[in-house]
Amino acid sequence: MKAVLMTEAGEAEVLQLQEVPDPTIEKDTEILVRLHAAGINPIDTKLRGRGTFYPDKMPAILGCDGAGVVEAVGDAVQRFQVGDEVYFCCGGLGAKLGNYAQKAVVDEHFVAKKPASLNFAEAAAAPLVLITAWEALYERGRLEPREKTLIHAGAGGVGHVAIQLAKLKGADVCTTVSSEEKAEFVRELGADQVIFYKETDFVQATLDWTGGEGVDLAFDTIGGETFYKTFPAVRVYGDVVTILEPDPAYINWKTARSRNLRISFELMLTPMLQGLVEAQQHQAEILEQCATWIDEGSLKIRLSKTFPLVEAAAAHKMLEAGSVTGKIALVID
1 MKAVLMTEAG EAEVLQLQEV PDPTIEKDTE ILVRLHAAGI NPIDTKLRGR
51 GTFYPDKMPA ILGCDGAGVV EAVGDAVQRF QVGDEVYFCC GGLGAKLGNY
101 AQKAVVDEHF VAKKPASLNF AEAAAAPLVL ITAWEALYER GRLEPREKTL
151 IHAGAGGVGH VAIQLAKLKG ADVCTTVSSE EKAEFVRELG ADQVIFYKET
201 DFVQATLDWT GGEGVDLAFD TIGGETFYKT FPAVRVYGDV VTILEPDPAY
251 INWKTARSRN LRISFELMLT PMLQGLVEAQ QHQAEILEQC ATWIDEGSLK
301 IRLSKTFPLV EAAAAHKMLE AGSVTGKIAL VID
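Numbering (UniProt numbering), first residue to last: 1 to 333.
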């Protein structure tokens, strides 16, 4: 099969389309998927630039997100049959082959039926961001109906899904954006309050929106100084969830401590990295519920751009350039 190999850590040019052996089913609960698309995520560009989690297993095939058609099943597979359309987040971290390829082998318990209303590229763009936003808001942040939440970068890959999941929970949403075009986009998703962070102090704007009290939950998808600046925008005894590792250059926990904030970290890759089977099964259940909402029309995935598999390097460059609205994906012939 054809696959994009990461030959070494470095710039986007280290991604090269090559011919590699087809993956084969080795466990009786695995399925072979003929991939039609793969999602592009920031973790892909980070691993390409700095090296994978498993540097002794090079070259690597990146890509955690995939969507395609089941081509073969193991003897014990019960949930899928040949011809089923599926989507999933599995592999691509360096130990297991990723989805920048024509085929992938995945355990059936980590896979969900593809939303019928999405094409393969849209479906492949969805899993990692759906799981991340779900876990951050519902599980780490314990978001409840009628609560107020601040979601940073609401027009981004994780952010645009988080807005919708928060609204599905019955919460009020405030979000930060950089342009009027993105503001229009997040309003269409249901955002109640939009803050242009380049022109406005988002902390003061959030306090004004909440009558000076602060939001119940803040979801940080940016990191760096933004993470620490967010603390005073959260109510006393409120929650802050971040998907980034705090930058020691900005460490100042005084405000968080004085407000008794609960700080949580969200890394949806943990189950894969630590081999937590039940947690991976739970993530597949999240995808199943999200597929229902997508097909009902209450949850949308914005796919801004697609690239053919051979242009994976160009896709990485676009993502690293920043300001992508929604997601981008690779289309696989």
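Each hint should be verified, as a subset may be incorrect.
[Claimed, not checked] In silico SDA-like pairs for lysine to any residue, Cα to Cα no more than 20 Å straight-line: (1) K46 <-> L269; (2) K46 <-> I222; (3) K305 <-> E181; (4) K167 <-> E296; (5) K317 <-> A116; (6) K198 <-> V324; (7) K2 <-> E139; (8) K96 <-> G51; (9) K96 <-> E19; (10) K2 <-> V14.
[Said to hold, decoys possible] Label pairs and their in silico Cβ distance ranges: (11) E8 <-> A76: 48 to 58 Å; (12) A95 <-> G170: 55 to 65 Å; (13) D295 <-> V82: 40 to 50 Å.
No lab work stands behind these hints, which were simulated from the structure alone. None of the values given here were measured: they were computed from a predicted structure. Virtual Cβ for every residue (Gly too), placed ideally from N, Cα, C.
Hints and how they fare:
1. Between K46 and L269 the CA atoms are separated by roughly 14 Å; this keeps the pair inside 20 Å, and the hint holds.
2. Distance hint between K46 and I222 is fulfilled; the C-alpha atoms sit about 14 Å from each other, no more than 20 Å.
3. Distance check on the hinted pair: K305 and E181 sit about 16 Å apart at the alpha-carbon level, within 20 Å; holds.
4. This hinted pair checks out: K167 and E296 have alpha carbons roughly 15 Å apart, not beyond 20 Å.
5. For a cut-off of 20 Å, the pair hint linking K317 to A116 is broken: about 30 Å separates their Cα positions.
6. Taken as a hint, the K198 and V324 pair is honoured in the structure, with Cα atoms around 17 Å apart against an allowance of 20 Å.
7. This hinted pair does not check out: K2 and E139 have alpha carbons roughly 38 Å apart, beyond 20 Å.
8. Between K96 and G51, the direct Cα distance comes to roughly 14 Å. Compliance with the 20 Å bound is thereby established for this hinted pair.
9. Proposed proximity of K96 and E19 is supported: the alpha carbons are some 17 Å apart, at most 20 Å.
10. Using a Cα cut-off of 20 Å, the hinted pair K2 and V14 holds, with the two alpha carbons roughly 16 Å apart.
11. Between E8 and A76 the C-beta distance comes to about 38 Å, which lies outside the given range of 48 to 58 Å.
12. At roughly 39 Å, the beta-carbon separation of A95 and G170 lies outside the given 55 to 65 Å, and the hint is violated.
13. Judged by the Cβ atoms, the range 40 to 50 Å given for D295 and V82 is violated: they are separated by roughly 22 Å.
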